[in-house]
Amino acid sequence: MQRGKLRSLIAGFAVAAAALLLAPGSAQAVPSFARQTGFACEACHTVFPELTPYGRRFKLNGYTVDILPQVSGITPSKEQTLMLNQLPPLSFMFQTSYTSTKKALPDTALPDAFAKNGQVLFPQQASLFYAGRIAPNLGAFVQMTYDGTSGSFGWDNTDIRYARLANENFLWGLSLNNNPTVQDLWNTTSAWQSPFDQRSATAPGPGAGTMIDGGLADAGVAGVSAYGYLYNSVYVELGAYRSAPAAAQIDSTSTNVVKGAAPYWRLAYEHQWGRHSLEVGAYGVEAKLYPGGDVPLSGPTNKYSDWALDSQYQYIGDENLVSVTATYIHEKQTLDATYGAGASSNPSDTLKTLRIGASYYYDRKYGGALGYFSTTGSSDDLLYAQGDPVTGFANSKPDSKGWTAELDWVPYENTKIALQYTMYDKFNGGDTNYDGAGRNAKDNNTLYLLGWINF
Amino acid sequence: MRTPLVALVPLALAFVPAARAAAPEGATLQQEVKALQAMVQDLQRRVSALEGHPVLPAAASQSVPQAAPARSAAPAAVPQMPAASLPQAAPIAAAQPGASAGYMSPEAMLRAAWSKVGKGMQEGEITRLLGAPSKKFTLDGRTVWYYYYPATGSGSVFFTDEGRVSSRQSPFGWGW
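In order, the protein sequence lines correspond to chains X and U. Residue numbers for the first sequence, in our numbering: 1 to 455. Residue numbers for the second sequence, in our numbering: 456 to 631.
If we strip away everything but chain U, and leave its shape as in the complex, we get:
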């Protein structure tokens, strides 16, 4: 068994220069990926502008979504929430993108962001994922963050007294 192992050593050494030569190519690839990401972000900004959504700085789509105006108000005795009375939640284009480096539509990004909302998450994590809600209020003593997306629908996140997510309803109609 010793002979084959000894024979493998020069074979491995023979590949070291090749591996060293591959390092610059990796750096080049990384640069190309970054360039492509920048291009995608630029295209997303253009699409957002064409669709009438506010254009975000390039960094916004990679970090915390843009905050939408939030009001802290308890619902009326019999809550009525006509769409016109609610501020929009963070625009669809502002939702945090998924892990995929490929192009994601704004709706897909929003869908991905909502799918990451999990039971037990803290308020700060929800803000990072979804941005500020359209409205904050208490419902039968429970804290609710309500998100309204024009032409898409609305969703809500319910919190426990400790400020952790107890349940959510996404605008795309799935729960857990």
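Chain X extracted, bound-state conformation:
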């Protein structure tokens, strides 16, 4: 065995060993929710972070099912003004990873040199959560994250909910959140997609993506939505998002700034029978964005109209668990601002994303998953320009396609070790020399080992 490969293998085992050493000998899976509700982890998760039907209802209900000792405030007229847990529902997450690509990435400073292949991130991410009830009918999932790649600490997924049960057949609620789809109940949408909810933070990823599939969240937004759940099966949600990047002010130095508000919608139907459940749904967003980037926040905008279809099937047996998820996203881009500025070849483009994945777990301990992904779209010389090595589009197309396979081991309910391999058939528009600098799509094939603990 070559010395380099041996070192990579040792590094990989070191990550797995570190994750195991850090894992408490006995612990729980979704710590603050489990502490709050008294329910075992399997009540809400098949294997975290995928939700069960009850987990979806718990989220719908505003994370408020709670039976911990409370600190209560009551007015003389017996109106309840405060209900706080005696212990705050705090949790901690730690992820460490090892990433190796088939071919090392070019050095960022020296020509003809390569970066070290086989990168350990310790941590990849470390998060602090407040997850639980805040007050009667009010709950929150708040995540603050240290990002191991940027070395910075920042605000992450946040979903603050108010929920009321109108009657036994109808529940309604409000969600204040910072990531379109973070409030969603199924694991088909971008924020909580499974399988493959975690991917390498250092390996190159496809350069084109739709707004609903993470683009809007990356731009920095905040929104509010109202939702209703009828007859335990029909879900309807309407909301709107505005720009809310981490900045002192939003001006020409910002990018992708929402003009006004971007409406978001979601429809879904779920049928549950025995240990099976099936969801079919649709969702979308329509966002008018100022491209920014030294261009004033006035005049023409780019309009992104996204609609998507999704479906999720789950079988949750005592020992065997099966999940199949699929989503198809269609985005129409009307690029008035970008085309007018001469930064795109076409006045309008399309982008389409398809993801299908299936996972199987035995005894909630040993699992495997396989998935296919594809992003295709219009050819555009300027929007998808050759640019830099690795990230460029030499063929002027956004297309990326490939497969992901994963093996999982969950030694404790709150600890997951995942070994993932992503194989690209196409990357940023091509299979060979896709960036014009001699790099092939398969050079980005990625081996990723993840250790993940929640406590």
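To be clear, the hints were calculated from the coordinates, so they are not data collected in a lab. Treat the hints loosely; a few may be bogus.
Stated by the list, open to error - Pair ranges (Cβ atoms, derived):
#1 X:S252 with U:F627: 31 to 41 Å
#2 X:Y362 with U:A563: 31 to 41 Å
#3 X:L128 with U:E580: 37 to 47 Å
#4 X:G151 with U:F627: 31 to 41 Å
#5 X:G387 with U:F627: 53 to 63 Å
#6 U:T593 with X:V234: 19 to 29 Å
#7 X:G340 with U:G596: 53 to 63 Å
#8 X:G368 with U:G596: 15 to 25 Å
#9 X:F114 with U:A563: 28 to 38 Å
#10 U:K574 with X:K102: 32 to 42 Å
#11 U:G573 with X:T255: 53 to 63 Å
#12 U:Q577 with X:G368: 53 to 63 Å
#13 X:A282 with U:T593: 28 to 38 Å
#14 U:G596 with X:Y362: 55 to 65 Å
None of these values were measured; they are calculated from a predicted model. Glycine is no exception: its CB is placed at the ideal position from the N, C-alpha and C atoms.
For this one, chain X is given, so just place chain U on it according to the hints.
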């Protein structure tokens, strides 16, 4: 080698009377231990009475915990379980004590009982360890026993279709 072995025989015989004499002392010690156990149980009853918990017969703390009223009901579409609506699980003082003969607080006994709940155990074993649950229901087709302890928290035990434990969450916040 034979000489030393022969020499050991009278030495061993010399200790036989002493061992015989020690037997009555062992019986005395056993009596004293029993008396101390009775005293501890009496003190536990008094503490329970002072803390407002129902006082159990002395035998209850040594065998099956006292059964709390249990209801068999499926949760609502969106389950709400305000503390006031749930009956208490078997009182803390009723949980089976651990192996230690020393004093154990009621909470420690409950903690010890929950720590013995293991994957694959049958419903009867759980009843013997924890008593009857505050509530029994099905969650997405799975049988759940829910235990509620006022001022302490709540825990749950999930069962497979065969009636064996698949997982649990103790009121003290540990799993496996």
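field: Violations among the numbered hints
entry: 1, 9, 12 and 14
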